[in-house]
Amino acid sequence: MEKIVTQAQIWLEELLTLMGFASSVTVAGDKENTLVMGPWLVIEEKNLSSSQIEQLLAENGLALDAIQYLLNASLRPTVADGGINFTPITVELAEFRSRRQSELISLSEMAAQRVRETLEPVEMADMTAADRRQVHSFFQDSQDLETESQGYEPHRRLVIRPRR
1 MEKIVTQAQI WLEELLTLMG FASSVTVAGD KENTLVMGPW LVIEEKNLSS SQIEQLLAEN
61 GLALDAIQYL LNASLRPTVA DGGINFTPIT VELAEFRSRR QSELISLSEM AAQRVRETLE
121 PVEMADMTAA DRRQVHSFFQ DSQDLETESQ GYEPHRRLVI RPRR
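Numbering (full-length UniProt numbering), first residue to last: 1 to 164.
Among these hints, one or two may not hold up.
[Said to hold, decoys possible] What follows is a list of derived Cβ distance ranges for each label pair: (1) A129 with Q7: 40 to 46 angstroms; (2) R164 with S98: 21 to 27 angstroms; (3) T87 with A63: 20 to 26 angstroms; (4) P154 with A73: 17 to 23 angstroms.
Don't read these hints as lab results, they were simulated from the structure.
C-beta: ideal position from N, C-alpha, C; glycine also.
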C-alpha cells in the first residue's frame, strides 16, 4: 500500500502544479477518530494563496471532492492489476475534511436519536457522494439502524431508519 500512497502523492503534486497551485503534499497515514480510515494526503497550505485555498474549498469543498475522486479513480486500475485491496485515499486541505467529519458525526447522531425516539425514518439534507459514504460507514455496524441513499444527483439524500 505504501507504494500506492507514494504514487498518489506524486500524482496529486503534479495535478496541483498543472492547476497553477504548486504545493507539496504530505502523507498523514491513518487518521484516528474519523469516519474514513486509510491514508490521508494533506495539501500543504503554506505555498498556496488564500484565494487558491478558497477556490479548492468553495461550495463545500466541491473542487477538493473532485480531485479526491479523480485521484482514487486513476489509482484503482493500477491497484486492481496488482491484486491489492484498495483503500480509498482522502485528500485534506486546511482541516476541511476533519471539520466536515465532525459535522457529519454530530448530524448523524442527532438523526439517529430522532429515529430511535420516533421509530420513523429521518431524511438528511443533500450531501455529496463522499459525505454520504462517510455517514453510511458510520452506521454500518449499527444493530438497530440502517441507511439508504435516495433520489438523484445533485439532490441525493441519505435516509436513516430502524433496521428491518
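Do the hints match the structure? See the list:
{"no.": "1", "hint": "A129 with Q7: 40 to 46 angstroms", "result": "23 angstroms, violated"}
{"no.": "2", "hint": "R164 with S98: 21 to 27 angstroms", "result": "34 angstroms, violated"}
{"no.": "3", "hint": "T87 with A63: 20 to 26 angstroms", "result": "23 angstroms, holds"}
{"no.": "4", "hint": "P154 with A73: 17 to 23 angstroms", "result": "19 angstroms, holds"}
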